[in-house]
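Build out the structure end to end from the sequences listed, making use of the hints.
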Amino acid sequence: MKLRFAALATAAVMAAGPAMADLVVPNLSYRTGPYAANGNQYADGFNDYFTLLNERDGGIGGQKIQVPECETAYNTEKGVECYESTKGNGALVYNPLSTGITYQLIPKVTADGIPMYTPGYGRTSAKDGAVFPWVFNAPANYWDGASVSVKYLLDQNNGSLEGKKIALIYHNSAFGKEPIRTLQELGKKHGFTLTELPVEPPGQEQKSQWLQIRRDKPDYVLMWGWGVMNQAAIQEAANIRFPMENFIGVWWSGGEVDVLPAGAGANGYKSLTFNGVGQDYPYYEQLKQYVIDPGKASQGGPSIGSAVYSRGMYAALVIAEAIRKAQELAGTSEITPAQLRDGFEALNITEERMAELGLPNFGQPIVLSCANHGGEGQGRVQQWNAETKTWSLVSEFATPDAEVLEPLIQADAQAFAAENSITPATCN
Amino acid sequence: MEQLLYVSEIVVNGLMTGVMYALVALGFVLIYKASGVFNYAQGVMALFAAMTLVGIQQGQVPFAHLINALTGMHVSNFGWNVPAVLAIALTAGVMVLLAIAIQKLVLQHLVGQEPIILFMATLGLAYFLEGLGDVMWGADVKTLDVGLPQGISDAAEALTARLTGYGFFIDRLDIWAAIIATALVAALVAFSQYTKQGRAMRAVADDHQAALSVGISLKFVWIMVWSIAGFVALVAGIMWGTKSGVQFSLSLIALKALPVLMLGGFTSIPGAIVGGLIIGVGEKLFEYFVGPMIGGATETWFAYVLALGFLVFRPQGLFGERIIERV
Numbered sequence: 001m002k003l004r005f006a007a008l009a010t011a012a013v014m015a016a017g018p019a020m021a022d023l024v025v026p027n028l029s030y031r032t033g034p035y036a037a038n039g040n041q042y043a044d045g046f047n048d049y050f051t052l053l054n055e056r057d058g059g060i061g062g063q064k065i066q067v068p069e070c071e072t073a074y075n076t077e078k079g080v081e082c083y084e085s086t087k088g089n090g091a092l093v094y095n096p097l098s099t100g101i102t103y104q105l106i107p108k109v110t111a112d113g114i115p116m117y118t119p120g121y122g123r124t125s126a127k128d129g130a131v132f133p134w135v136f137n138a139p140a141n142y143w144d145g146a147s148v149s150v151k152y153l154l155d156q157n158n159g160s161l162e163g164k165k166i167a168l169i170y171h172n173s174a175f176g177k178e179p180i181r182t183l184q185e186l187g188k189k190h191g192f193t194l195t196e197l198p199v200e201p202p203g204q205e206q207k208s209q210w211l212q213i214r215r216d217k218p219d220y221v222l223m224w225g226w227g228v229m230n231q232a233a234i235q236e237a238a239n240i241r242f243p244m245e246n247f248i249g250v251w252w253s254g255g256e257v258d259v260l261p262a263g264a265g266a267n268g269y270k271s272l273t274f275n276g277v278g279q280d281y282p283y284y285e286q287l288k289q290y291v292i293d294p295g296k297a298s299q300g301g302p303s304i305g306s307a308v309y310s311r312g313m314y315a316a317l318v319i320a321e322a323i324r325k326a327q328e329l330a331g332t333s334e335i336t337p338a339q340l341r342d343g344f345e346a347l348n349i350t351e352e353r354m355a356e357l358g359l360p361n362f363g364q365p366i367v368l369s370c371a372n373h374g375g376e377g378q379g380r381v382q383q384w385n386a387e388t389k390t391w392s393l394v395s396e397f398a399t400p401d402a403e404v405l406e407p408l409i410q411a412d413a414q415a416f417a418a419e420n421s422i423t424p425a426t427c428n
Numbered sequence: 429m430e431q432l433l434y435v436s437e438i439v440v441n442g443l444m445t446g447v448m449y450a451l452v453a454l455g456f457v458l459i460y461k462a463s464g465v466f467n468y469a470q471g472v473m474a475l476f477a478a479m480t481l482v483g484i485q486q487g488q489v490p491f492a493h494l495i496n497a498l499t500g501m502h503v504s505n506f507g508w509n510v511p512a513v514l515a516i517a518l519t520a521g522v523m524v525l526l527a528i529a530i531q532k533l534v535l536q537h538l539v540g541q542e543p544i545i546l547f548m549a550t551l552g553l554a555y556f557l558e559g560l561g562d563v564m565w566g567a568d569v570k571t572l573d574v575g576l577p578q579g580i581s582d583a584a585e586a587l588t589a590r591l592t593g594y595g596f597f598i599d600r601l602d603i604w605a606a607i608i609a610t611a612l613v614a615a616l617v618a619f620s621q622y623t624k625q626g627r628a629m630r631a632v633a634d635d636h637q638a639a640l641s642v643g644i645s646l647k648f649v650w651i652m653v654w655s656i657a658g659f660v661a662l663v664a665g666i667m668w669g670t671k672s673g674v675q676f677s678l679s680l681i682a683l684k685a686l687p688v689l690m691l692g693g694f695t696s697i698p699g700a701i702v703g704g705l706i707i708g709v710g711e712k713l714f715e716y717f718v719g720p721m722i723g724g725a726t727e728t729w730f731a732y733v734l735a736l737g738f739l740v741f742r743p744q745g746l747f748g749e750r751i752i753e754r755v
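First to last, the sequence lines map onto chains S and H.
Sequence positions in the first sequence follow my numbering and run 1 to 428.
Sequence positions in the second sequence follow my numbering and run 429 to 755.
Among the clues, some could well be false.
[Said to hold, decoys possible] To give a feel for the contact side, a few chain H residues facing chain S, derived at Cβ under 10 Å:
| id | residue |
| --- | --- |
| 1 | E437 |
| 2 | V489 |
| 3 | A492 |
| 4 | G500 |
| 5 | S672 |
| 6 | K712 |
Please keep in mind that the hints were generated in silico from the structure rather than gathered at the bench.
Just so you know, even glycine gets a beta-carbon here, dropped at the ideal spot from N, CA and C.
So, in structure tokens, the structure goes:
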């Protein structure tokens with residue numbers, strides 16, 4: 001009887017866990033809580049990309065990809081619990097989609113030797129691979145976003161922001177505070193004044209901030225928001241009749257869910273992006289054939305092609321390409337987290353490769369190295385059309401201001417290294 | 429002078445925001461008055477009501493995700509749109525059914541229990557409703573449109589500009605919220621003071637067992653009160669949902685109602701309104717005068733500090749009943 005029970009238990013454990021040779025990419029998602037609307041879309045895009053690879057190609061290099069989900073509810077403590085509970089299952093890489101969780105996991109992944117990929121979020125100075133050898137944040141980080149916003153505004157103002165007033169309305173959290181330092185430096189360089197307006201999360205009530213904006217009449221408003229803060233801010237901006245074309249959100253404030261509740265009032269609102277949106281890519285024909293039609297789309301595919309879905313898909317694409325590169329470098333398809341880190345550092349996703357993957361002109365080329373874990377950091381601006389309910393790209397990819405950003409990144413990375421007694425790696 | 433006008437604008441908007449907080453607080457007061465229970469699930473009830481309203485209005489198939497996952501079908505919509513008034517009436521009906529279910533499945537088994545036991549039951553109810561709402565209607569952000577106007581009131585702006593030289597911002601939705609809240613409070617006060625059912629409600633609040641002994645049907649009173657609280661939750665859900673979409677965060681507005689209740693008193697309907705107004709104005713003025721000196725984003729915590737300050741001097745709140753018990 002005891003033997004039968006042991007055999008059954010072993011069989012159950014084997015069925016529940018990934019097969020030994022599978023590539024394990026945990027999905028630390030949030031499908032519940034205040035940020036579920038965004039978390040759902042991102043997690044679906046992430047899952048669907050790997051499902052396509054499994055269904056169409058049999059995985060990567062002949063190895064199936066397992067994507068076990070763990071619910072974080074965008075809660076830092078739960079995120080850390082998810083990390084601890086999944087890392088023992090052969091996890092190759094983490095993408096927690098939360099700056100708060102990222103900050104907590106940086107020392108953990110460094111100690112455990114597991115790469116963490118934080119595209120468009122997390123700690124900006126993790127771009128410095130010498131100090132953060134296990135963290136990657138390409139294709140862009142928050143400081144890139146701040147700089148690209150200012151570059152866009154410079155373009156709109158014949159190259160000068162002298163005397164202009166810019167207000168930053170931000171989520172009062174690690175995420176929302178990230179661009180402040182950069183914007184302050186850019187303000188000094190370009191002569192604009194910056195007003196900082198924190199909003200306490202989740203951000204449903206913002207009347208004080210928008211009354212101040214109405215009173216101060218800034219030329220532009222930038223937003224670092226997430227979840228309900230975005231919807232409330234866009235509605236309040238419409239309420240005070242702030243010109244929407246002068247209101248620009250970071251990429252996490254640029255989803256369909258952010259603008260739809262404000263209806264026609266959101267027309268003309270802009271946001272940054274580092275990836276294309278919509279289903280007008282050959283990739284989606286493959287997705288339809290192998291994933292959607294056979295009924296294998298994550299959650300039934302309610303948000304396929306949306307801005308946040310596309311970003312989740314893009315994150316999965318970069319991870320998959322890093323795995324491919326790692327397999328190539330290691331000469332084996334059964335790679336370890338350390339080998340995946342090497343794969344990330346040798347990553348070179350060209351436009352040709354993106355076209356092969358069915359996503360031409362979707363994102364910028366990504367070339368990483370031992371020293372540069374963040375890529376070029378390019379971004380562009382998209383604008384919402386409330387009538388057609390679509391985003392359209394209104395600028396080309398712009399490169400951030402390295403003259404301002406590099407010293408800031410170096411200073412922050414060195415400070416982190418000093419605080420944590422880290423000897424920066426030597427990158428040749 | 430300019431400064432004074434700005435402050436006046438902030439005070440007016442603080443009052444309007446306070447009304448929105450009070451709408452949520454009212455639901456708590458009703459249930460507390462009737463059963464002595466602090467209903468932790470009131471915020472989630474507002475979310476659930478608003479989700480149900482959007483679902484009915486847009487002809488969404490409830491439990492569509494679950495049905496699709498279990499059967500492999502692809503159902504999502506019935507293909508019809510229900511007019512706003514009818515959808516509100518149907519949602520109110522759903523809230524009555526929910527009240528009956530709560531009475532039968534939860535409260536009936538807890539008659540005579542300590543208030544803390546009933547409070548814990550509402551805690552569980554909150555988590556259950558959170559999950560039920562998501563499973564029934566999905567976790568995406570839903571646009572709620574029942575025809576309420578939004579955006580700056582041109583009339584108020586023009587009037588204040590003519591009177592003071594500075595046009596005030598007043599949101600039309602807030603004006604509607606103030607009108608609806610006033611009507612709701614008047615109706616609730618009249619109900620609890622002047623009707624047989626209202627007096628029964630107050631008797632039940634004082635002592636379950638004693639109320640039962642004089643022939644008051646506890647079952648009826650609880651269903652009635654939870655139904656009314658469900659309706660108040662629906663009104664709050666409509667107002668907040670219209671403002672920023674119907675989504676999980678709507679349930680968190682309950683946290684804004686707590687300091688309102690501490691200040692106004694847990695048993696007073698007018699107290700909820702006055703408490704809401706004081707919190708609304710207080711937090712806005714504090715943010716304006718002190719916020720810039722200490723980094724801003726003070727509104728969430730300041731409301732609690734203000735409420736705690738009041739508690740020191742009036743533990744029962746401004747309008748709450750002073751409870752004297754024999755030891």
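Legend entry - Numbered hints the structure breaks, given as an ascending list: 2
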